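Protein chains: 2
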Amino acid sequence: MKIFYECIPCILNSFLHLAEKTNIGGNRKEQIFRNLLIYLSQMDYSQSPPVMGKKMQKIIREFSGIADPYYELKKESNLKMLEIYNKFKCKILSSSDQFLTALKLAIAGNIIDFGPNHKIDIEQTIDRILSEPLAIDHSEKLKEDIAKANSVLYIGDNAGEIVMDKLLLETIAHPNVYFAVRESAVLNDATKEDAEFVKMQNVAKVITTGDNAPGIIIKDVSDDFMKVYQNADVIISKGQGNFEGLSQEEKNIYFLLIAKCNIIANHLGISKGQAVVL
Amino acid sequence: MKIFYECIPCILNSFLHLAEKTNIGGNRKEQIFRNLLIYLSQMDYSQSPPVMGKKMQKIIREFSGIADPYYELKKESNLKMLEIYNKFKCKILSSSDQFLTALKLAIAGNIIDFGPNHKIDIEQTIDRILSEPLAIDHSEKLKEDIAKANSVLYIGDNAGEIVMDKLLLETIAHPNVYFAVRESAVLNDATKEDAEFVKMQNVAKVITTGDNAPGIIIKDVSDDFMKVYQNADVIISKGQGNFEGLSQEEKNIYFLLIAKCNIIANHLGISKGQAVVL
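These protein sequence lines are chains A and B, in that order. Position one of the first sequence corresponds to residue 0 (numbering that gives the first Met the number 0), numbered consecutively onward. Position one of the second sequence corresponds to residue 0 (numbering that gives the first Met the number 0), numbered consecutively onward.
One or more hints might be untrue.
For identical chains, the list gives no copy identity; a pair is met inside one copy or between any two copies.
[Claimed, not checked] Derived SDA-like pairs (lysine to any residue); straight-line CA-CA distance at most 25 Å:
no., residue 1, residue 2
1, Lys1, Leu17
2, Lys1, Ser221
3, Lys250, Asp67
4, Lys28, Ser45
5, Lys88, Leu267
6, Lys20, His266
7, Lys191, Asn26
8, Lys147, Glu61
9, Lys191, Tyr44
10, Lys226, Gly272
11, Lys28, Ser40
None of these hints come from the bench; they were simulated from the model. In this text the structure is predicted, and so the values were computed from the model without any measurement.
With the sequences and hints as input, model every part of the structure.
This is how it looks when you write it as structure tokens:
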């Protein structure tokens, strides 16, 4: 998927929104912002959004002088989600269709917000997603494919959200699952440290993409990741970033996401806020 | 008032929103957008927002090759508002406090939106503004000042909205009112053509600011405007653009506006969407 220049105001807003919650000094933020504007004015919009995200995060790291500006934010997010893990676990265990409930919860986790109403946002989103049918629903086919797969690759997205991914993997209980995180810090995307923090290793072999783009850029991933990717019978891709990078690929990929904006929603032919298993 | 870099995503969104409704060709829009990003990356944020708006509109005109990209939009907006003029007039005439009702209607007109739900947005906003008290209310003092003023200067903002300004001026019925519009096309701001279209000349002497910034930049206005400005006993300034340019001035200025965003709302110590006579 290419970059739509109409997305740029929203991308800049995400930076401002996240930057507010980091320890990047006030003046530094304006400098970084100006550098992002220069970069965005020049970049090739025919590339995929993760290429842009990777470069933008490089600018943020270089100008802030902070290797992981969202470190605390991610930690907080993991902690908050772990606090409500038991509640989610019960929701799944008491449900008549545990796979579908866990799947919907994992998708709902994709909308995790770092605002002051953090918990409320998540719980409201979860209740809505659980009560609505999926706007595009290939979940039955996904379930069948997992059942006969020798190897499953699950590509994670954000910290916090991975608690929900773990719940889904516990429900799936497949013996040979790889869970991929980013090689190093980028935005609020989950890294190995986050995966270990939520004990993802109990349900999957944790690997990294070998890259620190906030989405998959096939030409930039490591050989090790590529081997797992090529051998996987089923790939589960979480969130918009991974979708934007993988939507053109020919593999057996299932995309789990919420359309967080009108551009993605229009692209998928659904409404903003709706969830899909695609 | 200075420029907050946090406002830039919103400013870019406004451009995209308006540009969608003009006849600027698709490719041209991306070129213009890239040029706006370059300009915004370099500009001095200690200037007032109208300085930025003026330069941005110059870029849009130069790159689109269209002197007034929003011409049709303004015309449509004037027409739509004139269509519902009688309804507003009756609302004022049947009200127990005609001045306050006309004042609130004029402020509500400041939120005129060009989206598909145009009419609904306006009517909803009007109903809300009429039913709520003003968040900051210097309307009594304004009424008294107008009563004893020899000369009143009313600085207009957008096309369409000026129909509501005219209704307020009809209600005030002061014998010596100047109504100022922009010298030439800038954004959807009202020009002389718009003022004539709604027959503003029946209730005021229509003048221009001598400048085409989307707000007052004192150092750029014409001598003629400056003379009227200096001699006016009361100045009524409509909208955020004029507020941003005049908020530091020492004259007897009343600002009529709705806080359309959190930055302006925080600056005024009110909530987003609230109306003020300041």
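Tested hints:
1. Lys1 - Leu17: both (24 Å within a copy, 23 Å between copies)
2. Lys1 - Ser221: Intra 22 Å, inter 47 Å, cutoff 25 Å: intra-copy only.
3. Lys250 - Asp67: The answer is neither: 32 Å in one copy and 50 Å across copies each exceed 25 Å.
4. Lys28 - Ser45: So Lys28 and Ser45 pass the 25 Å test across copies only (16 Å; inside, 28 Å).
5. Lys88 - Leu267: neither (30 Å within a copy, 46 Å between copies)
6. Lys20 - His266: Between copies only: 21 Å across, 31 Å inside.
7. Lys191 - Asn26: neither (31 Å within a copy, 42 Å between copies)
8. Lys147 - Glu61: Cα proximity of Lys147 and Glu61: none, with 46 Å in one copy and 61 Å across.
9. Lys191 - Tyr44: Neither, since 30 Å and 40 Å both go past 25 Å.
10. Lys226 - Gly272: This pair counts as neither: shortest intra-copy Cα distance 34 Å, inter-copy 54 Å.
11. Lys28 - Ser40: both (18 Å within a copy, 13 Å between copies)
Violated hints for the displayed structure, listed by number in ascending order: 3, 5, 7, 8, 9 and 10.
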